[in-house]
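**Q** The task is simple: from the sequences and hints, build the whole structure.
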Amino acid sequence: MKKLGFMVMLALAGPLVAGAADAEPVGPEPPATPVAYHTFQAVESQLARWVRKYPDTAHLETIGKSSGGRSLYVLRIARKGLTEPDRRPAVFVGANIAGARNAGTEAALDLAKRLLEGDKGGDGESLDLLLERRTFYVAPALNPDAHDGMFQVPKQRLSGAAGSLDRDLDGLVAEDGPNDLNGDGRITLMRVIDPHGTMIPDSDDPRIMVEAEALEGQKGKYIVRMEGVDDDGDGEFNEDGPGGVWPDKNFAQAFRYDDPEAGPWPSYSPEAKAIMDFLLRRRNIAVAVVYGAANNLLGLPEGFGQAKELGTLKFKIPRWIARRFGVDPEEEFTGDEVWDMAKDMPFVRRMGITKERLLQFVGAGPAMKPQQQDLKILENLAKSHKKRLEDAGLDTKRPVRDLAPGSLTAWLYYHYGALALELDVWGIPKAKKNSGKEDGQVDDSRSPKGETLTLERLEEMTPEEFVALGEETIGEFMKEVGAPPQLTPARVIQAVESGKMTPQRMANMIKSMGGGKNGKKEEKEKKLQGREKDLMAWIDAHAPEAFVPWTSVELPDGTKGEVGGIDPFIEVAPPREFLAKALELHTETILEISRRLAEIQIQDLSVEPLGGGICRVQAVVRNIGQFPTHTKMAQRARVHLPIRLELDPGKDGDIVTGRSFVISESLAGGGGALKGEWLVKLPHRYQITVRALSDNAGTTSTSLLGDLAAGKISLPVGKEGS
Amino acid sequence: MKRRSLLNSAVMLFGIVLTLAPLALAGPLQPKRPLPEPRFNRLHHNDEIFDALRGYAAAYPAWATLESIGKSSQGNDMWLFTINNPVTGRALDKPAMYVDGSTHANEVQGAETVFYLIDYMLKNYGKLPRLTTLMDRAAFYFVPVVSPDSRAQWFDAPSTRDWPRSVQVAIDDDRDGLADEDGYDDLNGDGLITQMRLKVPPGQGRFRLDPDDPRILIPADENHPGDYNLLGLEGIDNDGDGRINEDGIGYVDPNRTWGYEWQPRYVQMGAPDYPLQIPETRAIALWAEAHKNIAAAQSFHNSGGMILRGPGSKTQPRYPMSDLRVYDKIGEMGETMLPGYGYMITWKDLYTAYGTTDDHFFGRIGAFAITNELYREEHKDADGDGKVTDEERMSFNDLMTLGRMFVDWQEVEHPQYGAVEVGGWRRDTGRIPEGWMLEEECHRNAAFVLYHARQLPFLEFGEPKIRNLGNGIRRLEVPLYNRRTIASRPAVAQRLKIVRKDVVTLQGAVVLASGMVENSWLNLVELQKKRPERLLVDAVPGEGFVTLFFLVEGGGQVRLQYDSVKGGRISREIDLE
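Chains as they are written, first to last, in my numbering: chain A, 1 to 722; chain B, 1 to 577.
Take these hints with a grain of salt, some might be off.
Claimed, not checked - Distance condition first, Cα-Cα at most 27 Å in a straight line; then the derived DSS-like pairs of lysine-lysine:
hint : chain 1 : residue 1 : chain 2 : residue 2
1    : B       : Lys-348   : A       : Lys-355
2    : B       : Lys-292   : B       : Lys-71
3    : B       : Lys-71    : A       : Lys-273
4    : A       : Lys-273   : B       : Lys-497
5    : B       : Lys-314   : A       : Lys-314
6    : A       : Lys-533   : A       : Lys-397
7    : A       : Lys-355   : A       : Lys-632
8    : A       : Lys-314   : B       : Lys-348
9    : A       : Lys-80    : A       : Lys-113
10   : A       : Lys-65    : B       : Lys-71
11   : A       : Lys-376   : A       : Lys-479
12   : A       : Lys-369   : A       : Lys-314
13   : A       : Lys-387   : A       : Lys-113
14   : B       : Lys-314   : A       : Lys-369
15   : B       : Lys-530   : A       : Lys-560
16   : B       : Lys-348   : A       : Lys-316
17   : A       : Lys-221   : B       : Lys-530
18   : A       : Lys-479   : A       : Lys-314
19   : B       : Lys-314   : A       : Lys-632
20   : A       : Lys-343   : B       : Lys-348
21   : A       : Lys-316   : B       : Lys-387
22   : B       : Lys-497   : B       : Lys-529
23   : B       : Lys-314   : A       : Lys-343
24   : A       : Lys-316   : B       : Lys-314
Unchecked claim - Some, not all, of what chain A presents toward chain B, calculated at C-beta under 8 Å:
hint : residue
25   : Asp-166
26   : Leu-169
27   : Gly-233
28   : Asp-234
29   : Gly-235
30   : Asp-258
31   : His-415
32   : Arg-638
Derived by calculation from the structure, the hints in this document are not laboratory data. Glycine is no exception: its CB is placed at the ideal position from the N, C-alpha and C atoms.
**A** Below, the structure is given as C-alpha cells:
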C-alpha cells in the first residue's frame with residue numbers, strides 16, 4: 001500500500017516530464033482560443049514565436065537549465081538606439097520563481113506582448129521610442145519544474161524544482177506526498193474525526209473549518225490536513241512530498257539554514273545560480289520586479305525579523321583592535337560607540353575608512369531592513385499603482401505577504417543593489433459583506449488622523465512630543481511592536497515624563513529586540529490566514545466550482561474521512577478571464593517605472609583659456625531621471641560603480657594637475673549633478689572629450705572642438721553620444 | 001598481543017567482510033610500483049605534489065585513489081585523494097576525516113602538511129598499531145591544494161609572502177570599470193615582489209637608515225630627521241589614476257566563499273557575489289554534500305600557531321553543548337601536541353569571517369572542523385622579549401640562513417618616483433619556516449590530524465538481553481556503544497536538519513514494536529509510534545551508549561543492522577533462542 005502511494009506520485013510526475021521534453025514545433029499563431037494560463041510549454045512556444053516575429057526587438061537568451069533540465073529563458077526587449085541594449089538603463093521582470101504563482105507568468109507575458117506590439121504609452125511617448133532608450137529583460141517562468149502544478153492531475157501547488165528531499169530525515173526521499181483521494185484531480189483538504197481533533201465547522205459557514213474555542217464552550221472534533229495518506233506508514237501524513245530545493249528560498253539574504261527546502265546553501269539550486277549569474281553580467285538593470293507571492297506596493301517591505309542593525313547590535317571588539325582603541329576587549333559596544341571611538345583616529349582618517357567599513361571589520365552584520373530612502377521610492381510608486389487598482393475596481397486593502405527569507409526579490413535588493421519589488425498581481429479582495437466594524441477598519445494600520453507612531457518617528461521625538469501623543473496612539477504602537485501586556489501606555493508615559501526613559505532609548509530597545517516587527521508580522525500572518533471567509537464570498541460570487549464539497553472517503557487503513565475544501569489555486573490564480581484588468585495595469589506600472597529610471601547626461605561643458613595654453617575645463621553630469629542613480633542599499637553594499645566623469649584632453653593635450661576623473665557615489669533624481677574641473681594645457685586647435693559612465697544610468701560622452709584664440713567656449717546642453 | 005585484540009574489535013565491527021579477508025592484510029602495504037620518496041625539508045610545487053599523489057595511487061591502487069572533482073577558475077583539476085582500506089568496506093560506509101591545505105595560495109605549506117600526512121599514513125600502515133586500527137575503521141579524504149591556480153602562480157611568477165591569497169578571478173577592486181589593471185610590477189626583474197623605498201631630503205621622510213645596518217629602516221625622531229620613505233610593494237601606477245597597485249590580480253578570498261553563515265562583500269572583504277560562486281570551493285562543497293560520512297575536518301593555513309574553530313561570526317547561534325565538549329577536547333589536546341599553538345574561537349580571538357571552511361563543514365556537513373594556522377616566528381626572538389624585531393630577523397637571516405632570506409636593496413628607475421631602491425624579505429619568509437624546521441611542523445600537525453580522526457564515532461554492539469514472553473514473542477534489548485568522542489549524529493546536524501537519523505533494522509523476524517530503552521531496570525521504554533521495522537535513532541552520543549528495544553515474533557538467528565551516516569554501518573547476528 002505504501003509503495004502504491006509512492007508509485008502514484010511517480011506516475012503523476014511522469015507526463016509532466018514527458019510533456020516538456022518534446023518542444024512544440026514553432027508554427028503559425030494559433031487560432032484564438034478562450035484565454036487560458038500558459039503551461040511551461042506554451043510559454044516556450046510563445047517566446048519562440050515572438051523572436052521570429054520581432055527579430056530586431058526580441059532577443060531570447062537561455063540563461064541555464066532547471067534541475068529537471070528545462071530551459072530558463074530571458075527575453076530581452078529593446079530597439080536599436082544610441083547605446084547598446086545591455087548598457088542602457090534597464091528593468092528586469094522575473095515571474096513565478098515561486099512555482100505556483102502562474103498569474104505572474106501571465107503578467108510578464110502581458111508586458112512583453114505590449115512592448116513588442118508597440119502601442120502608445122501613457123505619456124504620449126510611443127513605446128517604440130521608449131525601447132530605444134530602455135531595455136527590458138523579461139523572464140516569464142523562472143521555475144519551470146514547478147510551473148505546471150496547476151495543469152497536472154492532481155492539481156497542486158508546487159514550489160520545489162525537480163529532485164527530492166528528505167524533510168523528515170528518515171533516510172527516505174519524497175516518500176510521502178499528498179494523494180488525490182476523491183479522484184477529483186486536485187489536492188484539497190481532508191478532515192478526519194479524531195479524539196485529538198481541535199477543529200470544527202464554522203458556525204456561520206460550515207464549509208469552513210475553524211479552531212474550536214474552548215472558552216466559547218466549543219469542543220474540537222476534526223483533524224484537518226492536506227488530502228493524502230500516510231504513504232510511508234510512519235504516522236505522519238504528507239510530510240515528505242515530491243520536489244527538490246525551492247529556488248525562491250535559495251538566495252542569500254536571510255537564508256534559512258535549517259530549512260531543507262531552502263537547500264544546503266544559497267545558490268545551490270541551478271535556477272538560483274543561473275539567475276544570479278545572468279543578472280551579475282547585466283549591471284545595467286536599475287529596477288527589478290518579481291511577480292511572486294509578496295506585494296511590496298500594497299504593503300511596503302519591512303525587512304527580516306532578527307534584524308541586527310549597524311549601530312544597535314552590541315559586540316566585543318577583537319583584542320588587537322581594542323588595544324589600539326585603548327578599551328577593554330571584554331566589554332561590549334554598539335556600532336555607534338565604536339565609530340565614536342574610531343572616527344578621529346589617524347589611521348581611520350588617513351585611509352578614508354567609513355563607518356560601515358569599520359563596523360564590518362570589527363564584526364557588525366549585514367543590512368536586514370530596507371533603507372528609508374529606498375522605501376520612499378516604493379511609497380511613491382505605490383500611490384500611482386493603487387490609483388490604477390482603484391480605477392480598475394480592484395481592492396487595494398487586501399492583506400498581502402511580505403518578502404520571504406531567501407527569496408529572489410530580497411537578494412535583488414539587498415545584494416544586487418537594484419530597486420527591487422515583488423508583486424502578486426492578483427488576490428482575493430476583502431469581502432464586502434463583513435460586519436461594520438471590520439469593514440470600517442481598513443488594513444492600513446495608520447489611523448485616520450495620521451497620528452500613527454512609527455519606529456522612525458519615535459527615534460526623532462522629544463519626550464514632550466511623545467507624551468503628547470496620548471495613551472491611545474502609544475497603546476496602538478506598543479501593540480504593534482509586541483510590547484508585553486503588563487507594560488501599559490500609562491506606565492510608559494510615566495517613565496518618559498520622569499526621565500527614566502527617552503524615545504530614542506525606547507526605539508533602540510525595540511530594535512535590539514528584533515525591530516518590533518515580530519508582533520506586526522504575526523498580525524499580518526493572522527490576517528492572511530483568516531481569509532477563508534473572503535475566499536468563500538468571492539468563490540460563491542464568481543467561481544462556485546472552486547469549492548469542493550466535503551465527501552466521504554475511506555483511507556487504506558480503514559479510517560473514514562472527508563475530502564473537500566478550496567481549490568489550491570483559486571486564491572492566487574483565478575480563472576484566467578478575471579486577470580485581464582490586473583495584467584494591463586501591472587504592465588502600466590512597469591512602463592511607468594521604466595520611464596522614471598535614472599539617466600545621466602553631460603551638461604555645461606566649457607573650456608576657458610587662462611593664458612599660455614593653460615585652460616580651465618569644466619563639465620557637469622546630471623541625472624535627468626526621477627530615481628537616484630543608486631539605491632541607498634547599493635551605495636551601502638558598494639555593488640555598483642560610482643558615477644564617473646572623465647576628461648580626455650585629446651592629442652597634445654595634458655592635464656596639468658590631478659586625476660583625469662571625478663566620481664560620485666550617487667546622483668539624486670531630478671537633476672543631481674557631479675561637476676568636474678580640470679586645469680589642462682591644450683594646443684591651439686584642440687579636441688577634448690568628456691565621458692560620463694555609470695552601471696545602470698547609461699553612458700554618454702561629448703566632444704568639443706575649439707581654438708584657443710576663440711576664448712571661452714561653452715556647450716550649453718550636451719548632445720548624447722554612445 | 002595488542003594487535004590481536006585490535007583485530008578482534010575490527011572483526012566485530014566488520015564481521016561479514018573481514019571473515020572473508022586474510023588477517024595478514026594488517027601488515028605493511030606492499031606497493032605495486034616504486035613509491036614516491038619526497039623529502040619534507042623543502043616546499044613542493046603543485047605539479048610535484050600531484051605527481052607524487054599519482055605515484056601513491058599507482059602503488060596502492062586498492063587503497064589510494066586520486067580523482068578530479070572539478071576544475072579551478074583557470075581550468076586546472078581540483079584533485080581529491082582518498083585513503084580507504086578496501087577490506088573493511090566502502091569509504092562512504094565509514095566515518096571519515098577530510099583534510100585540506102592552501103585555501104590561501106600564499107600559505108603554501110598548508111599543502112605540504114597534507115602531502116606529509118598522506119605519505120606518512122600510507123607508509124606506516126601495518127607498522128604502527130594505533131594508525132593501523134584507525135585506517136581500518138575510518139576513511140580519509142584530502143584536497144591538498146584548494147587554490148591550485150594561485151599556488152602555482154606563487155611559485156612561478158613574482159609573488160609575495162601575502163599574495164596571491166585569492167583565486168584567479170578578475171574583480172574591479174577600485175571600481176573604475178576595469179578589472180585587475182593595476183597590480184604589482186617586478187621592477188628589478190628578480191622574479192620577486194619586494195619593497196620600494198625612496199630617499200628624500202632630510203626632514204621629508206618618516207624613516208632613516210639604521211646606523212648599525214643600513215638594510216633596515218628605523219623611524220625618524222626629532223634628533224634624527226627622516227630621509228627615507230617606504231612606498232609599499234614593487235609597482236607602478238599602471239592605469240594612471242594616481243594610485244599604485246590598487247587593482248591587482250584576484251580579489252575573492254576562498255575562505256569567505258563557503259555556504260554557511262556567509263555574508264557579502266560589504267560586510268566582509270574578500271567575499272564573492274554569492275556563496276560558493278568560485279569553482280574551487282563549489283566543487284569541494286558539492287562533493288562534500290554527497291560525503292556526509294565526514295565527521296571531522298581540518299584545514300591548513302598559516303600563520304601564527306592557532307588551532308581555530310568556528311563560529312566565524314558572533315551572529316551565529318551558540319554551538320550545542322555536546323558539540324562544544326568535542327571541540328574542547330580536541331583543541332586542548334592540540335595545544336599540547338603543537339608547542340606554542342593556541343586553541344581559539346575565530347570571531348572572538350582572531351577576527352570575524354563569514355563563510356569559512358570551518359563554518360561550512362560544521363554547519364552544513366556536521367563535521368568537527370578545525371583550521372590550523374601553521375608556523376610562529378617566535379623562534380627568531382633572540383632576546384626572548386616576546387617580540388621579533390627587524391634586527392633579530394636580520395641576525396637570523398645572516399647567521400642561520402647565510403643571507404638567504406633578505407634581498408639586498410638595489411636602485412631602479414620608477415616611472416612616477418624616479419630612482420627608488422627595491423629590496424626586502426623574500427616571499428618564503430615570515431609565514432613559512434625554513435626547510436629544516438618544516439618537516440617537524442608537518443609531522444606535529446599530521447599527528448594532530450590523526451588524533452582528531454581518532455575521535456570519529458566508533459560504534460560497537462554490546463551483549464543482547466533476550467526475554468521470551470511466550471507465544472513466540474521475544475523482548476530484545478541491545479546496547480550500542482560509541483567508543484569515541486564524536487556522536488554518531490552531532491548535535492549541530494540534528495539542530496540544522498542536515499544529516500538523516502540513524503536507522504536500525506532487524507532481519508529474520510517480524511518486528512512488532514521498537515524503540516529506545518530509557519531505563520532497563522525500571523522497564524522504561526520509549527516506543528516509536530509507527531513503522532517499528534525501521535527504528536530511527538537521533539544519535540549515539542560520544543563516549544556513551546544507547547539501548548535498542550525490539551518486540552519480535554519469531555526465533556532463531558536474526559541480523560541486527562545499524563546504519564549511521566557518520567557512525568558507519570555495522571551489523572550483528574543474534575541468536576534469539
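**Q** Decide, hint by hint, whether the structure agrees.
**A** Checked hints:
1. B:Lys-348 with A:Lys-355: holds (21 Å)
2. B:Lys-292 with B:Lys-71: OK: B:Lys-292 and B:Lys-71 at ~22 Å, within 27 Å.
3. B:Lys-71 with A:Lys-273: Answer holds: B:Lys-71 to A:Lys-273 is near 17 Å, not above 27 Å.
4. A:Lys-273 with B:Lys-497: holds (23 Å)
5. B:Lys-314 with A:Lys-314: With Cα atoms ~10 Å apart, B:Lys-314 and A:Lys-314 stay inside 27 Å; holds.
6. A:Lys-533 with A:Lys-397: Since the Cα atoms of A:Lys-533 and A:Lys-397 sit roughly 16 Å apart, the hinted pair holds (cutoff 27 Å).
7. A:Lys-355 with A:Lys-632: holds (15 Å)
8. A:Lys-314 with B:Lys-348: This hinted pair holds, its Cα atoms lying about 13 Å apart.
9. A:Lys-80 with A:Lys-113: Cα-Cα ~18 Å, so holds.
10. A:Lys-65 with B:Lys-71: Between A:Lys-65 and B:Lys-71 the Cα gap is close to 20 Å, so the pair holds against 27 Å.
11. A:Lys-376 with A:Lys-479: This hinted pair holds, its Cα atoms lying about 25 Å apart.
12. A:Lys-369 with A:Lys-314: holds (18 Å)
13. A:Lys-387 with A:Lys-113: holds (23 Å)
14. B:Lys-314 with A:Lys-369: Roughly 19 Å between the alpha carbons, so the hint for B:Lys-314 and A:Lys-369 holds.
15. B:Lys-530 with A:Lys-560: Answer holds: B:Lys-530 to A:Lys-560 is near 19 Å, not above 27 Å.
16. B:Lys-348 with A:Lys-316: The hint holds at about 8 Å.
17. A:Lys-221 with B:Lys-530: Since the Cα atoms of A:Lys-221 and B:Lys-530 sit roughly 23 Å apart, the hinted pair holds (cutoff 27 Å).
18. A:Lys-479 with A:Lys-314: holds (26 Å)
19. B:Lys-314 with A:Lys-632: holds (26 Å)
20. A:Lys-343 with B:Lys-348: holds (23 Å)
21. A:Lys-316 with B:Lys-387: At roughly 26 Å apart (the allowed maximum being 27 Å), B:Lys-387 and A:Lys-316 satisfy the hint.
22. B:Lys-497 with B:Lys-529: Holds. B:Lys-497 to B:Lys-529 sits at ~20 Å (cutoff 27 Å).
23. B:Lys-314 with A:Lys-343: Status holds; Cα separation ~23 Å.
24. A:Lys-316 with B:Lys-314: Roughly 9 Å separates the two Cα atoms, so the pair holds.
25. Asp-166: holds (6 Å)
26. Leu-169: holds (5 Å)
27. Gly-233: Result: holds, 5 Å to nearest chain B Cβ.
28. Asp-234: holds (5 Å)
29. Gly-235: Holds, about 4 Å.
30. Asp-258: holds (5 Å)
31. His-415: holds (5 Å)
32. Arg-638: Given a least distance of 5 Å, the restraint on A:Arg-638 holds.
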